[in-house]
Amino acid sequence: MTTLLQLTLSGILVGCVFGLIAMGFVITYRSAHVFNMAYGQFAMVGAYMAWTFLGSPDSPRFPLWLGITMTVLFAIAFGLFVERAFFRRMIGRPLFVPFMLSLGLLALINSVVLLVWGPAPLALAETFPKGPVGIGEITLPQEYLWSFGVAMAALIAFVFFFRNTKLGLAFRAAYDNQVAARCLGVSARLNSQIAWIISSLLATIGGILIASVQGVSPLLGELAISVLAVTMLGGLDSLVGCIAGGLVLAIGGNLASYYLNTYVQGISEVFGVLLILMVLLIRPAGLFGSKSIDRV
Amino acid sequence: MRTRGKIKRDYGRELAVIRTRTHWFILSGFLIFLGILPTILTATDNNSWLTWLNFTLITIIAVLGLNITTGMAGQVSLGHAAFIMVGGYTVGILTTKMDWPFWLALPTGGIVAAALGLLVGAPSIRLRGFYLAIATLAFLLVAQFIIKHLDITNGIHGLIDIPAPTISDFKIDTDLKWYYLILLLAIGGVISSVNLTRSRLGRAFSAIRDNDITAPSMGINVYLTKVTAFFIGSLYAGIAGGLGASYLGVIRVDQFTIFDSIWYLGMVIIGGAGSTAGTVMGVLFLRLISQCLHIVSMGSWLPSLGAGFWISINYAIYGAAIITFVSFQPYGLIAIWRKWQAQYKRWPFG
Amino acid sequence: MRGKMGQFFEITVSEGNHMAPDGTGNKNGTIVAGRDLSLSFGGIKALSNVDFQVRRGEIVSIIGPNGAGKTCLVNCITGYYRPQKGTITYDGRDITGLPSYRIARLGISRTFQNPSLYPHMTAFDNLMLARYMHTRTTLPEAMLFFGRSRREEIEGRRFVESIISFARIQDLSNRTVATMSYGQRKLVEIARALAMEPRIIFLDEPMSGLDEVMKELVAELIISIRNQGITVVLVEHDMQVVMGLSNSVIVLDFGQKIAEGSPDDVCRNSQVTAAYIGGIVAGRSC
Numbered sequence: 008m009t010t011l012l013q014l015t016l017s018g019i020l021v022g023c024v025f026g027l028i029a030m031g032f033v034i035t036y037r038s039a040h041v042f043n044m045a046y047g048q049f050a051m052v053g054a055y056m057a058w059t060f061l062g063s064p065d066s067p068r069f070p071l072w073l074g075i076t077m078t079v080l081f082a083i084a085f086g087l088f089v090e091r092a093f094f095r096r097m098i099g100r101p102l103f104v105p106f107m108l109s110l111g112l113l114a115l116i117n118s119v120v121l122l123v124w125g126p127a128p129l130a131l132a133e134t135f136p137k138g139p140v141g142i143g144e145i146t147l148p149q150e151y152l153w154s155f156g157v158a159m160a161a162l163i164a165f166v167f168f169f170r171n172t173k174l175g176l177a178f179r180a181a182y183d184n185q186v187a188a189r190c191l192g193v194s195a196r197l198n199s200q201i202a203w204i205i206s207s208l209l210a211t212i213g214g215i216l217i218a219s220v221q222g223v224s225p226l227l228g229e230l231a232i233s234v235l236a237v238t239m240l241g242g243l244d245s246l247v248g249c250i251a252g253g254l255v256l257a258i259g260g261n262l263a264s265y266y267l268n269t270y271v272q273g274i275s276e277v278f279g280v281l282l283i284l285m286v287l288l289i290r291p292a293g294l295f296g297s298k299s300i301d302r303v
Numbered sequence: 002m003r004t005r006g007k008i009k010r011d012y013g014r015e016l017a018v019i020r021t022r023t024h025w026f027i028l029s030g031f032l033i034f035l036g037i038l039p040t041i042l043t044a045t046d047n048n049s050w051l052t053w054l055n056f057t058l059i060t061i062i063a064v065l066g067l068n069i070t071t072g073m074a075g076q077v078s079l080g081h082a083a084f085i086m087v088g089g090y091t092v093g094i095l096t097t098k099m100d101w102p103f104w105l106a107l108p109t110g111g112i113v114a115a116a117l118g119l120l121v122g123a124p125s126i127r128l129r130g131f132y133l134a135i136a137t138l139a140f141l142l143v144a145q146f147i148i149k150h151l152d153i154t155n156g157i158h159g160l161i162d163i164p165a166p167t168i169s170d171f172k173i174d175t176d177l178k179w180y181y182l183i184l185l186l187a188i189g190g191v192i193s194s195v196n197l198t199r200s201r202l203g204r205a206f207s208a209i210r211d212n213d214i215t216a217p218s219m220g221i222n223v224y225l226t227k228v229t230a231f232f233i234g235s236l237y238a239g240i241a242g243g244l245g246a247s248y249l250g251v252i253r254v255d256q257f258t259i260f261d262s263i264w265y266l267g268m269v270i271i272g273g274a275g276s277t278a279g280t281v282m283g284v285l286f287l288r289l290i291s292q293c294l295h296i297v298s299m300g301s302w303l304p305s306l307g308a309g310f311w312i313s314i315n316y317a318i319y320g321a322a323i324i325t326f327v328s329f330q331p332y333g334l335i336a337i338w339r340k341w342q343a344q345y346k347r348w349p350f351g
Numbered sequence: 175m176r177g178k179m180g181q182f183f184e185i186t187v188s189e190g191n192h193m194a195p196d197g198t199g200n201k202n203g204t205i206v207a208g209r210d211l212s213l214s215f216g217g218i219k220a221l222s223n224v225d226f227q228v229r230r231g232e233i234v235s236i237i238g239p240n241g242a243g244k245t246c247l248v249n250c251i252t253g254y255y256r257p258q259k260g261t262i263t264y265d266g267r268d269i270t271g272l273p274s275y276r277i278a279r280l281g282i283s284r285t286f287q288n289p290s291l292y293p294h295m296t297a298f299d300n301l302m303l304a305r306y307m308h309t310r311t312t313l314p315e316a317m318l319f320f321g322r323s324r325r326e327e328i329e330g331r332r333f334v335e336s337i338i339s340f341a342r343i344q345d346l347s348n349r350t351v352a353t354m355s356y357g358q359r360k361l362v363e364i365a366r367a368l369a370m371e372p373r374i375i376f377l378d379e380p381m382s383g384l385d386e387v388m389k390e391l392v393a394e395l396i397i398s399i400r401n402q403g404i405t406v407v408l409v410e411h412d413m414q415v416v417m418g419l420s421n422s423v424i425v426l427d428f429g430q431k432i433a434e435g436s437p438d439d440v441c442r443n444s445q446v447t448a449a450y451i452g453g454i455v456a457g458r459s460c
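Residue numbers (the working numbering), protein chains in the order written: chain A, 8 to 303; chain B, 2 to 351; chain C, 175 to 460.
Chain A on its own, in the form it takes in the complex (with noise of 0.2 Å):
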């Protein structure tokens, strides 16, 4: 019985981080219309700035606060510069376009940061005072708890941005309506950059959560997977559906992990992949998705 409580704490915690990670997938999807394959990278390469500003255990380099601020404003910055470089020419042309850019920009980002930082996985400084902590029976990694903080903390941060201040209005305003708000004067470039900083952002963050505990690595990228598989669960348009999705990756994750591992060893890699599956053929739109109806 603790086992499973265990299970779907941590469950909890680490769906949320999730969750948020994904937040910024579905930003670009509705707001700039993009597919973003590409999305894991940006996590990845925020996860390797910060370790070039931070350093590693051993060898620190800044320290935290002033590491963490750099990263964020070179979150700001690289968000900027994709949205610049690539994706603003797309916009207007069908879906497909700018998805196929997002598979070539997978493809480039990739590479370039294995070329920079090379193939081996790397320690991140301490971000969080490791260790686990009890509560009661249950005993939690002490990161989790920092990174559900965190993940809480910027959660909140956009959500107040959205609601209290005149920028955020209007990207909310363009968020459901581009047309009409750009009839009441919020420039689709404007919304266009923010959409992707805000995206850019989310990702760095959830990528330097997720390497302050698995390490700085090029399998980063391989968010991109669970990122899919919480937007597919929990609908491609539906910001709470990404919490949704988030925790029912991680928790049930955990507990196919456990319970699951002796018939089928590695089940979690393939967790996320199966749980596409499901979704896709049950209910595409996931579970708080729209469903299109086509009219003729």
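Derived by calculation from the structure, the hints in this document are not laboratory data.
Non-contacting residues of chain A with respect to chain B, defined by C-beta distances greater than 10 Å in every case (computed):
| hint | residue |
| --- | --- |
| 1 | LEU11 |
| 2 | LEU12 |
| 3 | ARG37 |
| 4 | SER63 |
| 5 | VAL79 |
| 6 | LEU129 |
| 7 | PHE135 |
| 8 | VAL140 |
| 9 | ILE145 |
| 10 | PHE155 |
| 11 | LEU162 |
| 12 | ARG170 |
| 13 | GLY192 |
| 14 | ARG196 |
| 15 | TYR266 |
| 16 | LEU267 |
In silico PhoX-like pairs for lysine-lysine, Cα to Cα no more than 25 Å straight-line:
| hint | chain 1 | residue 1 | chain 2 | residue 2 |
| --- | --- | --- | --- | --- |
| 17 | A | LYS298 | C | LYS219 |
| 18 | A | LYS298 | C | LYS259 |
| 19 | B | LYS98 | B | LYS149 |
Note that the Cβ used here is the ideal one computed from N, Cα and C, for glycine as well.
Model the placement of chains B and C on the given structure of chain A, informed by the hints.
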């Protein structure tokens, strides 16, 4: 300026690919060129170009299949590498563990891959666009997982010592002999692909690619057509995979990754989606880049940077090429070619 | 022969009309009929208990204010929507709920409100598409080309050329659809529906967005189609066209059928005049 009339005297002439005597000349010349090509390539006593050509021809067969599924029928498939993998493994298993002759194993490999294509195409009754693409990607990952964990496929180690095909005493064991076999199959692939484009099925593919909502109003069974597109595409891929496995002699799961699927899609798009000639151009384009990089990497004037470095450079250039073409010339190389052709015909009227 | 539109139509219709408006003396039966059709989207009732009949060889118009359910009705008949209740029969055979490609193959073809031609193909190639259901080439035959595939292609081209001359769109034949005007696209789409060799053809707002000259061309085409023995069902807003062309009119409002009968009868129906604001059921007979 030479005048060119587009006067066709009958429907048959209009449909034909080879329409004039000049066309026949060019075709014969090209075939002769292909015949003597290996001698030209091995003139410097280095087999590297011939090996490259053999792999390129195999890739052409595989990507022609993807061109049918994605370029002609519009069903984006990120799982194409999986069909090639399945074809290769089928041939590998049949020839190494069951002593089947290559000539029986190869078509079987194609059929097995095509059957899998039916399976992958099945969800297209409910899935469209991105959802279908993600489903094909999921299929690729599941296929990789399964093959890594099966005993019959030797898990992650893959199969080795896949025997060369034989016809009684004649063994196909040199690059040159392989060349003619692969070339024959590649020509067959090109011809059947071109024929498909000008058939009723090819038109149905275009219809469902451009608007699959209104296509049924013309009596087209959209679902059947989509599944057929997957079937044919994976058939080509399976045969290519089987050829590749026998040619290389080994096969491993990590030869077939999502990156490979991306390159195949890239070749289709860079060449020109839907066009057979375009696909050949796209494959040649990217493969030439690889070969040039390979030659540069062998150069003695560079410090030894390791294989990983050159692979990453290769991938980076591939990615950049895809981005560039998608951004600036999404209709592909074939569109550039046709523009030049039209300008030449109108010269000097520009 | 030009002059006012209505005048033109009346002359030609009575010349070609072999059927008395009240149905007496005609040997033609019902080709398509609907009984008790109901269709809802979520909470919105698009069609409620609609009954109607289309007789063979007639030109029938479906009219009604915007949102009355006219296109919904056509979509139900042609298999794009599935009604929750009711039946649709074709030549006496129940076709409710059949997939749209099956219905097309039975000889029912249609056009769409927004021309659904393939913009990167020529008009000729678009029409060749319509020959799909009349050809039998299988996959291996297609890959070989020489043999049945080639034969059917050549036959198809011959047939398409005949449709092109029938519809008088020879000058559009080799042009890419993307270069055509809206009216030209509508003509080509009707031609494509014809190339399917249908027995009944549904035209969804063929006159909308056209100028007077194009409207006359389309009207002429509709009459030629009917004279070939093909039943024509129009969804239309243009009352002059409806009154001038139709043998029978079906009126929908808020998803319900409020009138059905000859143009004159429908005009005199007070419910119909009420449904149209200000009683703009123009036409000479009203």
